[in-house]
Amino acid sequence: MLKRRVAAALLVSRGLVVQSLGFSRRLPVGRPEIAAEFLDRWGVDELVLLDLDASREGRHVSTELVARVAAASNVPLAAGGGIRELAEVDALLRAGADKVCVNHAARERPELITEIARRFGDQCVVAAVDVARVDGAHAVWCHVRRRALDVDLAAHLRALAALGAGEILVQATHEDGSGRGFDVALAQEASAAVGVPVLVLGGAGRASHFEEVLLQSGAACAVAGNYFHFTEHSVTTTKALAARRGLPVRVDTAARYADSAFDADGRLEKRADDALDAMLHVRIPKEII
Amino acid sequence: MSRFRVCIVDYKVGNLRSVENAVRRLGYDARVSDSADEVRRADALILPGVGAFGPAMQQLVASGLIGPIEAALALGRPLLGICVGMQLLATDSEENGLHAGLSWVPGHVRRLRPPEGFGVPHVGWNDVTVRQPGSPLFSRVEAGAHFYFDHTYHLECAPEHTLATAAYGVTVTAAVQRDRVMGVQFHPEKSQAAGLRLLRGFFMAAGAPGPAPC
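Read top to bottom, the protein sequences are chains A and B. The opening residue of the first sequence carries number 1 in the working numbering; numbering runs sequentially from there. The opening residue of the second sequence carries number 290 in the working numbering; numbering runs sequentially from there.
Because the hints were derived from the structure by calculation, they are not lab data. Note that beta-carbon positions come from the ideal geometry of N, C-alpha and C, so glycine has one too. You may find that some hints are simply not true.
Beta-carbon label-pair distances, calculated as ranges [unchecked claim]:
hint : chain 1 : residue 1 : chain 2 : residue 2 : range
1    : A       : Glu64     : B       : Val350    : 27 to 37 Å
2    : B       : Ala325    : A       : Pro248    : 41 to 51 Å
3    : B       : Arg314    : A       : Glu64     : 18 to 28 Å
4    : A       : Arg267    : B       : Asp468    : 29 to 39 Å
5    : A       : Val282    : B       : Gly353    : 54 to 64 Å
6    : A       : Asp259    : B       : Ala325    : 48 to 58 Å
7    : A       : Arg119    : B       : Ser291    : 29 to 39 Å
8    : A       : Leu280    : B       : Thr441    : 50 to 60 Å
9    : B       : Gln347    : A       : Ile284    : 45 to 55 Å
10   : B       : Arg399    : A       : Glu108    : 12 to 22 Å
11   : B       : Asp326    : A       : Glu64     : 29 to 39 Å
12   : A       : Arg119    : B       : Leu387    : 20 to 30 Å
Bound-form chain A, shown alone (with noise of 0.2 Å):
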């Protein structure tokens, strides 16, 4: 059976991950490799790798950092930010990305997406499109010109679609940071408008979040940036969580907290005292691959 995906953002942002705040603010983080190291050994699904600085600096994300995030990790990566150009795709492909995200040049010139597709195969473009609460609807967001564009959003993503963006990452960038949740409308309105897989950015802030938007909505991956920094374990405890209510998730780690128990907010408990005594003496074997 094929499982609902939870991937990690990796926002960088002058050569460090950082976490976003309400589109604006930035928080340091760390080396992106390390993060990406990290992320993957702890069972993450997908690797989403996103310059924010790129496209408004006339530039595209750096394949030299392609390639380190990628040489620190064994799990499909997707790049982005700022790509315009078939020969910047090739470079970034070739540095070890399996996908493309292209936000602001499928804007400005849609046929690239196209070319991508014909050139790679539509599994390597994901179309990465904004959304903004606007008087209470979801208005397409543009970050560079910092606007909301006078189209539909329903329409706007079955044409890239149709362009042969071969997934589609939506970002509530209203709910950047805000530790909310994710916004379930808007993952149900994208899922329900294409055939392509959706993924959805934007709002995480516990583990319940996950499968509050996976199992009322029919997006096929959710993605947190800020969520999983600074707390060990988090895409384990995360999916472990999710997968004992119900969502069905892959957890394949050597980890597994099948049988830990999470308070309300879906963070780990501590075990009691004499449990732990038990563990002092027991020898975990380190995993041989």
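Position chain B relative to chain A; hints supplied.
Chain B only, in chain A's frame:
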């Protein structure tokens, strides 16, 4: 690094760097190459590939490497095709017209036709059912492990060559084997520990050293 030499056949299709990274992580001498000499000297061969069948086959023919690969197979070296690299092993493919393949694993590459509600392409992590117990490929893989798939077509072949399958509304061929020629539809180089375990099984069956003691 061990002296076990793995040639990743470079016929200018796909993301070879990830396969190379995965083989290096296992400690073997990975060489991405389009040289016939390198193919001849390798202890095991990997045939990667993404994109469409027709152009991939054309590129492989144009590379002039089919002869050297056949010579290596005749010497008992094993070959692992990945994704489109596995599909190329078939007799033919119906992707964008009929194209002849290598015919090393008799069978036809056909479009996935799953029931309503299952999108095509088949993208994401799926668990596989091993059909031939005792195969080296899955010897080190835990039961129920998941692999990363991303494809629209798959290889339909005889049950005796079908090594593993995945369920996606229809039965998807996940892995094939005919003697020393093996193929996987999923991407072991992108499937975390399960993928590395599968590659380890493939190389160890070819005489590669096992994991270094720690």
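- Query: Is it true that the C-beta distance of arginine 267 of chain A to aspartate 468 of chain B lies inside 29 to 39 Å, as the hint says?
  - Reply: The hinted range 29 to 39 Å is violated for arginine 267 of chain A and aspartate 468 of chain B, with Cβ atoms some 52 Å apart.
- Range hint compliance [Cβ, arginine 119 of chain A to leucine 387 of chain B, 20 to 30 Å]: Cβ of arginine 119 of chain A to Cβ of leucine 387 of chain B: about 22 Å, so the range 20 to 30 Å holds.
- Message: I want to verify a distance hint. Is the separation of the beta carbons of leucine 280 of chain A and threonine 441 of chain B within 50 to 60 Å?
- Response: Roughly 52 Å apart at Cβ, these two residues keep to the hinted range, so it holds.
- Message: Can you tell me whether the CB distance of glutamine 347 of chain B to isoleucine 284 of chain A sits inside 45 to 55 Å?
- Response: Taking Cβ atoms as reference, glutamine 347 of chain B and isoleucine 284 of chain A lie about 51 Å apart, which means the hint holds.
- Item | Outcome of range test on Cβ distance (glutamate 64 of chain A, valine 350 of chain B; 27 to 37 Å) | holds, 34 Å
- Message: Quick check: does the Cβ-Cβ distance between alanine 325 of chain B and proline 248 of chain A fall within 41 to 51 Å?
- Response: holds, 46 Å
- Quick one: are arginine 314 of chain B and glutamate 64 of chain A within 18 to 28 Å, going by C-beta? holds, 20 Å
- Confirm or reject the claim that valine 282 of chain A and glycine 353 of chain B have a C-beta distance inside 54 to 64 Å. holds, 57 Å
- Message: Taking 29 to 39 Å as the stated bounds, is the beta-carbon spacing between arginine 119 of chain A and serine 291 of chain B within them?
- Response: Since arginine 119 of chain A and serine 291 of chain B have Cβ atoms about 37 Å apart, the given range 29 to 39 Å holds.
- In this structure, is the beta-carbon distance linking arginine 399 of chain B and glutamate 108 of chain A contained in 12 to 22 Å? violated, 38 Å
- Message: I want to verify a distance hint. Is the separation of the beta carbons of aspartate 259 of chain A and alanine 325 of chain B within 48 to 58 Å?
- Response: Since the Cβ atoms of aspartate 259 of chain A and alanine 325 of chain B sit about 55 Å apart, the hinted range of 48 to 58 Å holds.
- Task: For aspartate 326 of chain B and glutamate 64 of chain A, compare the CB-CB distance with the range 29 to 39 Å and indicate the outcome.
- Result: holds, 31 Å
In the structure shown, a violation is registered for the earlier hints numbered 4, 10, in ascending order.
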